[in-house]
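Number of protein chains: 2
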Amino acid sequence: MIIDCHGHYTTAPKGLQTFRDAQIEGLNDRSRTKGSVAITDDEIRDSLEQAQLKFQRERGSDVTIFSPRASAMAHHVGDATTSLHWTEHCNDLIHRVCLLYPANFVGVCQLPQTPGNPLANCIQELERCVNELGFIGCNLNPDPSGGHWTAPPLTDRYWYPFYEKMVELDVPAMVHVSASCNANFHATGAHYINADTTAFMQFLQADLFKDFPTLRFIIPHGGGAVPYHWGRYRGLAQDMKRPPLGELIRGHVFFDTCVYHQAGIDLLCRIVPLDNILFGSEMVGAVRGIDPETGHHFDDTRRYLDKVPGLTDGDRHKLFEGNARKVYPRLNRLL
Amino acid sequence: MIIDCHGHYTTAPKGLQTFRDAQIEGLNDRSRTKGSVAITDDEIRDSLEQAQLKFQRERGSDVTIFSPRASAMAHHVGDATTSLHWTEHCNDLIHRVCLLYPANFVGVCQLPQTPGNPLANCIQELERCVNELGFIGCNLNPDPSGGHWTAPPLTDRYWYPFYEKMVELDVPAMVHVSASCNANFHATGAHYINADTTAFMQFLQADLFKDFPTLRFIIPHGGGAVPYHWGRYRGLAQDMKRPPLGELIRGHVFFDTCVYHQAGIDLLCRIVPLDNILFGSEMVGAVRGIDPETGHHFDDTRRYLDKVPGLTDGDRHKLFEGNARKVYPRLNRLL
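Those protein sequence lines, which keep their order, are chains U and X. Quick note on numbering: the first sequence equals residues 0 to 334 in numbering that gives the first Met the number 0. Quick note on numbering: the second sequence equals residues 0 to 334 in numbering that gives the first Met the number 0.
These are calculated hints, taken from the structure and not from any lab test. Wrong hints could be hidden among the right ones.
[Unchecked claim] Cβ-Cβ distance ranges computed for the label pairs, FRET-style:
id, chain 1, residue 1, chain 2, residue 2, range
1, X, 250, U, 123, 54 to 62 Å
2, X, 33, U, 249, 33 to 41 Å
3, U, 98, X, 213, 44 to 52 Å
4, X, 213, U, 151, 37 to 45 Å
5, U, 34, X, 149, 33 to 41 Å
6, X, 243, U, 98, 54 to 62 Å
7, U, 95, X, 149, 36 to 44 Å
8, X, 10, U, 31, 55 to 63 Å
[To be verified] Calculated lysine-lysine pairs in the DSS-like style (CA-CA distance at most 30 Å, straight line):
id, chain 1, residue 1, chain 2, residue 2
9, X, 164, X, 209
10, U, 53, U, 306
11, U, 13, U, 53
12, X, 53, X, 325
13, U, 325, U, 306
14, U, 13, U, 33
15, X, 209, X, 325
16, X, 240, U, 240
17, U, 306, X, 306
18, X, 325, X, 164
19, X, 306, U, 53
20, X, 53, U, 240
21, U, 13, X, 53
22, X, 33, X, 53
23, U, 164, U, 325
[What the hints assert, rightly or not] Stretch-level coverage of chain X by chain U, calculated; a stretch enters the list once three of its residues show a Cβ under 8 Å from a Cβ in chain U:
id, region
24, 55-67
25, 103-115
26, 136-146
27, 150-163
28, 246-254
29, 322-333
No residue lacks a Cβ here, since even glycine has one placed at the ideal position from N, Cα and C.
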């Protein structure tokens with residue numbers, strides 16, 4: 000079985016954006032209510048058949064761990080009520096996808112984060128999504144301000160109540176920022192990758208995993224800059240008297256394979272312990288074109304993995320299925 | 000000849016920090032003056048003989064393009080006067096190094112940037128350093144706020160007056176941030192690498208090099224995350240109808256080799272056009288230890304380059320000398 004740990008519903012029917020546009024237009028209405036999203040099951044089927052399901056078939060993956068569009072989370076828009084309403088609708092839509100195609104999609108939730116707010120809302124929504132909707136994880140935004148980086152580091156006690164709930168429910172979080180409202184940061188070309196690198200360094204600096212021995216994070220986009228700079232991180236850890244990287248991340252920090260060329264994937268698999276790598280493609284996502292050098296989609300990451308030299312069948316099983324089942328143990332109840 | 004394009008005076012005699020401490024203590028004094036830095040020539044010699052010069056000899060490099068300690072620039076401290084006084088002292092100290100060891104060091108200057116301020120001060124200091132002190136380039140901080148990213152992108156017209164002076168003097172800038180005062184970003188483990196990635200994406204998005212056909216930037220630390228994610232950037236450029244990356248960066252954007260393990264350097268040399276790579280080590284810098292896996296310093300980057308498969312003598316000449324002479328044409332007057 001091939002499990003893609005990183006897919007977003009980037010092709011959602013237009014009813015979702017219609018809702019969001021109206022919500023943003025009404026941000027200052029005192030009488031605003033949660034409202035509703037008008038999308039039919041047929042629209043959902045159409046949106047997936049022409050994209051994610053087609054790509055699953057063409058590329059030979061079986062299941063996608065599926066969450067709302069990351070760039071649209073936009074936690075910096077409006078206030079906590081805005082974020083809650085928007086998040087509930089987005090997660091409910093993912094739930095409908097999973098009900099329509101239970102063999103193809105497993106849900107991961109967006110969280111109703113808001114800059115400067117406590118995480119009580121997020122804890123409630125995580126519980127709802129896991130216990131009521133059957134989701135198996137969440138996307139946690141380390142920078143709900145959208146590129147101004149005003150939240151405390153992920154190792155700060157601000158996040159601890161949320162981590163307690165993650166541990167209790169035995170679900171991991173993918174560390175995933177959203178749109179950037181800082182002109183310095185292109186969303187998918189800078190902000191995403193920077194956040195990945197930033198989160199890793201935060202984990203390296205602190206003793207978070209001593210406080211939470213079963214807490215697990217996926218750092219997407221191949222771990223940002225980290226595998227390329229593995230020597231820098233090994234050296235920094237050593238200079239700072241921290242544990243060796245392999246030991247520090249074991250069972251806690253995992254990278255996906257959303258790296259869109261052969262040399263990058265080769266490096267990832269050469270350097271990072273294979274137990275810490277999960278197959279992912281982020282399709283349909285940041286890069287949608289076909290690479291003229293290969294004739295295949297840039298984000299068809301399975302092709303790169305198939306060409307990595309020296310992987311055994313056991314290694315491939317870990318990358319494509321085994322590691323995902325360990326990181327997301329609730330997968331085993333569903334698959 | 001082997002030219003190391005990236006060295007900072009991280010081992011400056013303690014008189015420099017004594018000055019800085021006093022300057023910071025007196026930030027609110029109305030009567031503050033520029034003051035002076037008490038360092039003898041012997042102290043300078045000692046500080047270099049035990050570190051940079053020793054490493055040059057041991058590792059077989061000839062010349063280091065040398066600038067003030069990057070993390071100490073701290074443009075967010077104090078105001079424009081603070082930044083100007085501090086910068087002038089730091090650059091004057093580099094000048095003294097270059098006078099004492101003209102065969103070993105060539106100067107690159109810090110700039111008196113201040114968040115939100117115009118760049119007139121920086122233009123003046125660049126002129127002084129190039130025309131009076133014989134420097135060959137500068138370090139430009141894209142985020143003088145120190146991790147809050149409040150400046151406009153490097154492609155914004157805010158920077159254009161400074162670029163005009165760079166073009167007139169025919170000197171490049173290394174894009175280099177300083178210390179982070181944002182708890183999210185470890186300086187050398189996150190902020191530096193993020194800034195490199197961010198700058199590259201900014202250059203990809205805009206037509207800066209149409210406006211300045213001879214403007215040149217070095218992106219340090221191996222280009223941040225960029226070579227590892229080269230496929231992502233090629234794909235983003237294609238989706239955004241931008242020129243191919245190789246064409247976009249040719250003659251304009253260069254990466255150094257401050258990547259501290261073999262696999263990273265192998266990827267850099269496999270993926271990025273060799274015309275766009277300059278040998279650099281950042282010694283003595285971010286990572287000071289010895290890699291137990293190799294028995295050599297993490298930042299002894301020449302060893303990795305020596306082991307890259309498939310490089311010809313012509314390639315090696317480019318990496319170690321030829322490219323540096325093109326990017327820093329004033330080198331040719333000195334060497």
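Hint check results:
Evaluation of the 54 to 62 Å hint for residue 250/X and residue 123/U yields a pass: the beta carbon distance comes to about 55 Å. At roughly 53 Å, the beta carbons of residue 33/X and residue 249/U sit outside the given window of 33 to 41 Å. For residue 98/U and residue 213/X, the Cβ-Cβ distance of about 60 Å falls outside the hinted range of 44 to 52 Å, so the restraint is violated. Under the hint 37 to 45 Å, the C-beta atoms of residue 213/X and residue 151/U, about 44 Å apart, fit the expected range.
Taken as a hint, the range 33 to 41 Å holds for the pair residue 34/U and residue 149/X, whose Cβ atoms sit roughly 35 Å apart. In this structure the hint that residue 243/X and residue 98/U lie 54 to 62 Å apart at CB is violated, the actual value being about 44 Å. The hint said 36 to 44 Å for the Cβ distance between residue 95/U and residue 149/X, and at roughly 41 Å that hint holds. Evaluation of the 55 to 63 Å hint for residue 10/X and residue 31/U yields a pass: the beta carbon distance comes to about 60 Å.
Between the alpha carbons of residue 164/X and residue 209/X the distance comes to roughly 16 Å, so the proposed pair stays at or under 30 Å and holds. The hinted pair formed by residue 53/U and residue 306/U meets the criterion: a straight-line CA distance of about 23 Å does not exceed 30 Å. For the proposed pair residue 13/U and residue 53/U, the alpha carbon gap of about 20 Å is at most 30 Å, so the pair holds. At most 30 Å may separate the alpha-carbon atoms for a hinted pair to count; residue 53/X and residue 325/X meet this at roughly 27 Å.
Distance check on the hinted pair: residue 325/U and residue 306/U sit about 25 Å apart at the alpha-carbon level, within 30 Å; holds. Between residue 13/U and residue 33/U, the direct Cα distance comes to roughly 18 Å. Compliance with the 30 Å bound is thereby established for this hinted pair. At roughly 19 Å between alpha-carbon atoms, residue 209/X and residue 325/X fall within 30 Å of each other, so this suggested pair holds. Proximity of residue 240/X to residue 240/U is assessed by CA-CA distance (about 46 Å); at most 30 Å being required, the pair is judged violated.
With a C-alpha separation of about 23 Å, the suggested pairing of residue 306/U with residue 306/X holds against the 30 Å cut-off. At roughly 18 Å between alpha-carbon atoms, residue 325/X and residue 164/X fall within 30 Å of each other, so this suggested pair holds. A distance of roughly 43 Å separates the Cα atoms of residue 306/X and residue 53/U; the hinted pair therefore is violated under the 30 Å criterion. With a C-alpha separation of about 26 Å, the suggested pairing of residue 53/X with residue 240/U holds against the 30 Å cut-off.
Among the hinted pairs, residue 13/U with residue 53/X is inconsistent with the structure: their alpha-carbon atoms are about 64 Å apart, more than 30 Å. A distance of roughly 33 Å separates the Cα atoms of residue 33/X and residue 53/X; the hinted pair therefore is violated under the 30 Å criterion. Under the criterion of a C-alpha separation no larger than 30 Å, the hint pairing residue 164/U with residue 325/U is consistent with the structure, at around 18 Å. Beta-carbon proximity to chain U at under 8 Å applies to 0 residues in the region 55-67 of chain X; the threshold of 3 is not reached and the given coverage is violated.
Residues of the region 103-115 of chain X with a Cβ under 8 Å from some Cβ of chain U number 0, which does not satisfy the need for three, so the listed coverage is violated. With 3 residues carrying a beta carbon less than 8 Å from a beta carbon of chain U, the region 136-146 of chain X meets the three-residue requirement, and the given coverage holds. Restraint check on the region 150-163 of chain X versus chain U: 4 residues with Cβ-Cβ distances below 8 Å, three needed, restraint holds. With 0 residues carrying a beta carbon less than 8 Å from a beta carbon of chain U, the region 246-254 of chain X misses the three-residue requirement, and the given coverage is violated.
Note: the region 322-333 of chain X has 0 residues with beta-carbon separation from chain U under 8 Å; the three-residue rule is not met and the coverage is violated.
In terms of the numbered hints stated before, the structure departs from hints 2, 3, 6, 16, 19, 21, 22, 24, 25, 28 and 29, listed from lowest to highest.
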